[in-house]
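Visitor: Sequence:
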Amino acid sequence: MVAAARGKGMKRQILTGGLVLAAQIWTAVAVLAGPWEDGMAAYNRGDYVPAITVFREMAKQGNAEAQAVLGTMYRRGQGVRRSSLRAFVWLSRAASHGNLRAKAELHEVSQAMTGEELAKAKEIAEACEASNYRTCEY
1 MVAAARGKGM KRQILTGGLV LAAQIWTAVA VLAGPWEDGM AAYNRGDYVP AITVFREMAK
61 QGNAEAQAVL GTMYRRGQGV RRSSLRAFVW LSRAASHGNL RAKAELHEVS QAMTGEELAK
121 AKEIAEACEA SNYRTCEY
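Position 79 of the sequence shown, counting from 1, maps to 79 under this note's numbering, and the rest follow consecutively.
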């Protein structure tokens with residue numbers, strides 16, 4: 001009887017230890033998650049407003065992946081008003097950093113724009129880049 005009680009106590013200790021270890025690992029993983037993971041988590045659950053806030057900040061800092069996602073969100077109207085012009089601005093920036101997905105999407109966006117829209121988009125993209133996105137409203 002004493003041995004059985006001791007066995008239950010050991011099982012409880014092992015279970016408790018396992019739960020504590022799992023909680024510590026979960027906390028460590030959460031600490032390692034950064035803005036990109038936070039933005040993607042929000043995007044994947046369809047919570048576009050917080051996602052676009054995260055991606056816009058990262059895009060302004062030169063992150064080509066964030067620039068591509070931001071361009072896609074403007075192209076699709078996810079969390080923002082749909083805008084080929086704004087999509088062009090961010091996709092062109094990501095494409096200039098070598099992002100292949102952005103290059104393909106930029107080509108598609110450009111095909112759908114008029115010559116006048118394309119000229120304005122290029123002008124805005126150049127102005128945004130020249131100001132290092134400090135005076136850029138996008």
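Because the hints were derived from the structure by calculation, they are not lab data.
There's no promise every hint is true.
[Stated by the list, open to error] BS3-like cross-link-like pairs, simulated, lysine-lysine; straight-line CA separation at most 25 Å:
#, residue 1, residue 2
1, Lys-120, Lys-60
2, Lys-103, Lys-60
3, Lys-103, Lys-122
4, Lys-103, Lys-120
[Stated by the list, open to error] Listed next, with one range per pair, are the computed distances between beta-carbon atoms:
#, residue 1, residue 2, range
5, Glu-37, Glu-126, 30 to 36 Å
6, Arg-134, Leu-100, 33 to 39 Å
7, Asn-44, Arg-82, 17 to 23 Å
8, Ser-131, Gly-98, 36 to 42 Å
9, Gly-115, Asn-44, 33 to 39 Å
10, Arg-101, Val-49, 18 to 24 Å
11, Glu-129, Gly-46, 26 to 32 Å
All residues carry an ideal CB built from backbone N, CA and C; glycine is no exception.
Visitor: Starting from the hint list further up, note which numbers the structure goes against and sort them upward.
Guide: 6 and 8
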